[in-house]
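Whenever a hint applies, use it, and build me the whole structure from the sequences.
The chain contents come next:
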Amino acid sequence: MNLNLTLIGQAIAFAVFVWFCMKFVWPPVMQALQERQKKIADGLDAASRATRDLELAQEQANETLRESKEQAAEILEQARKRSTQMIEEARDSARLEGERMINNAKSEIEQEINRAKEELRVQVSRLAIEGAERILEASIDEKQHGQLVDKLAKEL
Amino acid sequence: MAGTNPTPTEYIQHHLQNLTFGRHPEHGWSIAHSAQEASEMGFWAIHLDTMGWSVALGVIFLMIFRKAGMMATTGVPSGLQNFVELMVEFVDNSVKETFHGKSRVIAPLSLTIFCWVFLMNLMDLVPVDFLPMLAQKFGGFFGADPEHVYFKVVPTTDVNATLGMSLSVFALVIFYTIRAKGFTGFIGDLTLHPFNSPNKLIQALFVPVNFVLEAVTLLAKPISLGLRLFGNLYAGELIFILIAIVGLWQLPLHFTWAVFHLLVITLQAFIFMMLTIVYLSMAVEQH
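Protein chains in written order, with our numbering: chain P, 1 to 156; chain S, 1001 to 1287.
Honestly, the hints are just simulated from the structure, not real lab data.
None of these values were measured; they are calculated from a predicted model.
Think of the CB as a built atom: it goes at the ideal place given N, C-alpha and C, for glycine as much as any other residue.
Take the hints with a grain of salt, since some may be wrong.
Claimed, not checked - Restraint-style ranges between C-beta atoms, simulated for each label pair: (1) S:Pro1252 / P:Lys39: 46 to 56 Å; (2) P:Gly43 / S:Phe1183: 48 to 58 Å; (3) P:Lys39 / S:Trp1249: 50 to 60 Å; (4) S:Leu1201 / P:Lys23: 18 to 28 Å; (5) S:Val1259 / P:Leu44: 57 to 67 Å.
Stated by the list, open to error - Per the computed footprint, the stretches of chain P lying under chain S, defined by three or more beta-carbons under 8 Å from a beta-carbon of chain S, are: (6) 2–8; (7) 11–17; (8) 87–94; (9) 105–115.
The following block contains the structure:
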C-alpha cells in the first residue's frame, strides 16, 4: 500500500479515458438520443395534428350533410308548392274553358232558335197567304201585295 | 493458494501485495519479490497489476460504449444500444439534477467514473484465488518463483488508483473554481469564510483562521473521496480473503458476501460519481 508512481499513472489513464469518452462516446450516443427524442416528439405532434384534422373533417362532413338535407327539404317544399299551384291553375283554366264552351253553346242554340223562328215565320206567312189565296180564290199579285205580306210576316 | 503451505497470515499478506515494478536500491529495475522490497523502491515504482487491470477495464468499457455509439440509430434501439443509452441517460439525469453550470466535460466524466469504477469494483467478485493462481502459473512458466509472484486483481483496492482518480477530480474542482470565480474568487473562498466581519481589522484577524478551516475542507474532499472507495473495497476484498481461509464453509459464505458486495460495489461507484458532480457544482456555484 505504498504511494508510488501508480498514482500518477492512474491519473493519466483516468484523464485519457475521460477525454476519449468525451470525444468519441458521449456525442454519438447523445446525438442518437436527442434525434430519437425529436423524432418521437414529431410523431406525437403529427398524430395529434391528424386527430385534429380528422375532427375537423368530420365536422365539415356533418355540416355538408346538414346543408344538403336542408336543401333537399327546401327543394321538396318548392316542388310541392309548385305542383299545387299548377293543379290550381289547371283547375281554373279548365273552369274558364268550360264556361266559355257553355256560353258558346248557349249562343249557338239561341241563334239556332232565332233562325228556326225566322224560318217558321216565313213559312207561316207563306202558308197564311196561300190560305188566304185559297180562300179568296183569286191570286194575289205578289208584287202588288208584297208590302202587305211583309207586314203580315213581321206581325207574326 | 500461494506457495506450498502458507499460514493464514502469509496467505493474507500475499493477497494484499501488489505486483510492483521499480528501481530497487540493490537489485536495480526489477519486479519486487517481497513487500519489503516493494516498499524499499519508494515512490518511483509502479503497480503493474493495478495499472494493467484498470487500463484493460477502461478500454473494455470505452470499446463497448464506443461500439454502441457508432451503431446508435434513431430507430428502436437494440440490446447493447439500449443498455448504453440507459446508462448515459441515467448519468445525464444525475448530472442535470445536481450540476447547474454549463460544461461539456462533466457528463462524460461522470459516465467514465461510474462505469470504470464499477468495472474495477466488479473484479472483486472474481474468486480471490482465481486470477492470482493463473498469474503464478504464468510467472512460474517464465521462471519466476511462484511464491513471489504477487497479483492483486481489484484496482480499487489499491489506494494509488483511488487517490489518482480523486486527485484528478480535485484538480478539476480547482480548475472550475478558478474559471467560475477567478483566482481572486478562489482565494476569497479560502479566506473569507466562514467568519467575516465588516470591520477590516477584525477581518484581517479572521483570514488565517478561515484559511486553515477552508484548507482542511478543501483537502478533505479528494482524500475522503479516494479513501472512501479504497476503504470499502479493501475491506470487502479482505473479507473475501478471510472467507477463503475457512475451508469448505466458504462456499455459502462466499455467495452471501458476494451478493451483499454486489450492492456495495454499485453503490460505491455511484457515490464516487455523485460526489464528483457535487464537488464540481459546488466549485461553480456562488455562495
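Claimed coverage, the stretch 87–94 of chain P by chain S - three or more beta carbons nearer than 8 Å: Since 0 is below three, the answer is violated.
Pairwise beta carbon distance, S:Val1259 to P:Leu44, judged against the given window 57 to 67 Å: violated (42 Å)
Outcome of range test on Cβ distance (P:Lys39, S:Trp1249; 50 to 60 Å): holds (56 Å)
Beta-carbon spacing of S:Leu1201 to P:Lys23 - inside the hinted bounds 18 to 28 Å or not: violated (52 Å)
Cβ contact check, 8 Å cutoff: the stretch 105–115 of chain P against chain S, three residues minimum: Contact hint for the stretch 105–115 of chain P vs chain S: violated, 0 residues under 8 Å.
Assertion that chain S covers the stretch 2–8 of chain P - criterion: three or more residues, beta-carbon distance below 8 Å: Result for this restraint: holds, n = 7.
S:Pro1252 paired with P:Lys39, Cβ distance criterion 46 to 56 Å: Since the Cβ atoms of S:Pro1252 and P:Lys39 sit about 51 Å apart, the hinted range of 46 to 56 Å holds.
Range agreement (Cβ of S:Phe1183 with Cβ of P:Gly43, hint 48 to 58 Å): holds (50 Å)
Assertion that chain S covers the stretch 11–17 of chain P - criterion: three or more residues, beta-carbon distance below 8 Å: This one holds; 5 residues, not fewer than the three required, reach chain S with a Cβ under 8 Å.
Going down the numbered hints, you'll see the structure goes against 4, 5, 8 and 9, while the others check out.
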